[in-house]
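Let chain A serve as the given structure and place chain B on it in line with the hints.
Line by line, the protein sequences give chains A and B.
When we follow my numbering, the leftmost residue of the first sequence carries the number 318, and every step to the right adds one.
When we follow my numbering, the leftmost residue of the second sequence carries the number 708, and every step to the right adds one.
Calculated lysine-lysine pairs in the BS3-like style (CA-CA distance at most 25 Å, straight line):
{"id": "1", "chain 1": "A", "residue 1": "K401", "chain 2": "A", "residue 2": "K431"}
{"id": "2", "chain 1": "A", "residue 1": "K390", "chain 2": "A", "residue 2": "K424"}
{"id": "3", "chain 1": "B", "residue 1": "K713", "chain 2": "A", "residue 2": "K431"}
{"id": "4", "chain 1": "A", "residue 1": "K401", "chain 2": "A", "residue 2": "K439"}
{"id": "5", "chain 1": "A", "residue 1": "K439", "chain 2": "A", "residue 2": "K424"}
{"id": "6", "chain 1": "B", "residue 1": "K713", "chain 2": "A", "residue 2": "K439"}
If you want the footprint, here are the derived chain A segments under chain B, 3+ residues with CB under 8 Å:
{"id": "7", "region": "361-371"}
{"id": "8", "region": "424-433"}
{"id": "9", "region": "441-451"}
Distance windows between CB atoms, simulated:
{"id": "10", "chain 1": "B", "residue 1": "D775", "chain 2": "A", "residue 2": "P338", "range": "49 to 57 Å"}
{"id": "11", "chain 1": "B", "residue 1": "R711", "chain 2": "A", "residue 2": "T354", "range": "32 to 40 Å"}
{"id": "12", "chain 1": "A", "residue 1": "A414", "chain 2": "B", "residue 2": "G738", "range": "41 to 49 Å"}
{"id": "13", "chain 1": "A", "residue 1": "R351", "chain 2": "B", "residue 2": "D769", "range": "29 to 37 Å"}
{"id": "14", "chain 1": "B", "residue 1": "A743", "chain 2": "A", "residue 2": "Q432", "range": "22 to 30 Å"}
{"id": "15", "chain 1": "B", "residue 1": "G723", "chain 2": "A", "residue 2": "D417", "range": "46 to 54 Å"}
{"id": "16", "chain 1": "B", "residue 1": "D769", "chain 2": "A", "residue 2": "E329", "range": "41 to 49 Å"}
{"id": "17", "chain 1": "B", "residue 1": "A743", "chain 2": "A", "residue 2": "L345", "range": "44 to 52 Å"}
{"id": "18", "chain 1": "A", "residue 1": "G403", "chain 2": "B", "residue 2": "A774", "range": "45 to 53 Å"}
Keep in mind the hints are simulated off the structure, nothing from the lab.
These figures come from a predicted structure and were not determined experimentally.
Ideal Cβ placement from N, Cα and C applies to all residues, glycine included.
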Amino acid sequence: MIALTHDPIDTEDLLRAVTSPQAGAVVLFLGTVREMTAGRQTVALDYECYPEMAERKMAELEAQAQERWPIVKCAIVHRLGLLKLGEASVAVAVSTAHRDAAFEAGKWLIDTLKQVVPVWKKENWADGGSEWVHPGLPPLPER
Amino acid sequence: MIVRVKLFAVARQLAGCEEVQVSLPEAATIGQLRTAMTEQHPALVPLGRAAMFAIGTEYADDNAQLADGADVACIPPVSGG
Numbered sequence: 318m319i320a321l322t323h324d325p326i327d328t329e330d331l332l333r334a335v336t337s338p339q340a341g342a343v344v345l346f347l348g349t350v351r352e353m354t355a356g357r358q359t360v361a362l363d364y365e366c367y368p369e370m371a372e373r374k375m376a377e378l379e380a381q382a383q384e385r386w387p388i389v390k391c392a393i394v395h396r397l398g399l400l401k402l403g404e405a406s407v408a409v410a411v412s413t414a415h416r417d418a419a420f421e422a423g424k425w426l427i428d429t430l431k432q433v434v435p436v437w438k439k440e441n442w443a444d445g446g447s448e449w450v451h452p453g454l455p456p457l458p459e460r
Numbered sequence: 708m709i710v711r712v713k714l715f716a717v718a719r720q721l722a723g724c725e726e727v728q729v730s731l732p733e734a735a736t737i738g739q740l741r742t743a744m745t746e747q748h749p750a751l752v753p754l755g756r757a758a759m760f761a762i763g764t765e766y767a768d769d770n771a772q773l774a775d776g777a778d779v780a781c782i783p784p785v786s787g788g
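This is chain A alone, in the form it adopts within the complex (with noise of 0.2 Å):
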């Protein structure tokens, strides 16, 4: 299951779609919005993505991670729009026989869509300031 949605991540619903008595082990994991980064402080996340690119390279993950492992079933959903510090931006759920599996699985998706997804996060700081956040440029903050 992949999804991008600007509603807050249902966790409960996730948990139920990766549960299966196929599976002795859930991983859940949970990307969150974090007030301190680099010692400045951040009121709030917004996030975009390229929306076609982004579901496409998700399914593309999901189908390389069932190749890599012997999924039982498999979730990942990243929210988009402006969150609020402790909401969930991103949530992995991979279902497994043994819990190994599960935390490996779980570890290598949020680790490759981190690096390979089409989304992005725009910093709002305390201070009024925000700038796109994108490892390897300097930061350009809005005028």
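Structure of chain B alone, referenced to chain A:
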């Protein structure tokens, strides 16, 4: 040929629009597009060489060839999660 390039995040912020048009020779590559885009839209110079490009929904390297009417997007370094 004219290629329309979708812009996201800081690329859209810099250009002030969601798409730019870039004039290119026929059968140009992504590498040529990369250079021509910043020449024709200097506001995008701060992107440097950090941005990737996609043709359709696939990342395309600098050697990839563009067809007339190709669906191209500029993908600045991603920061989801």
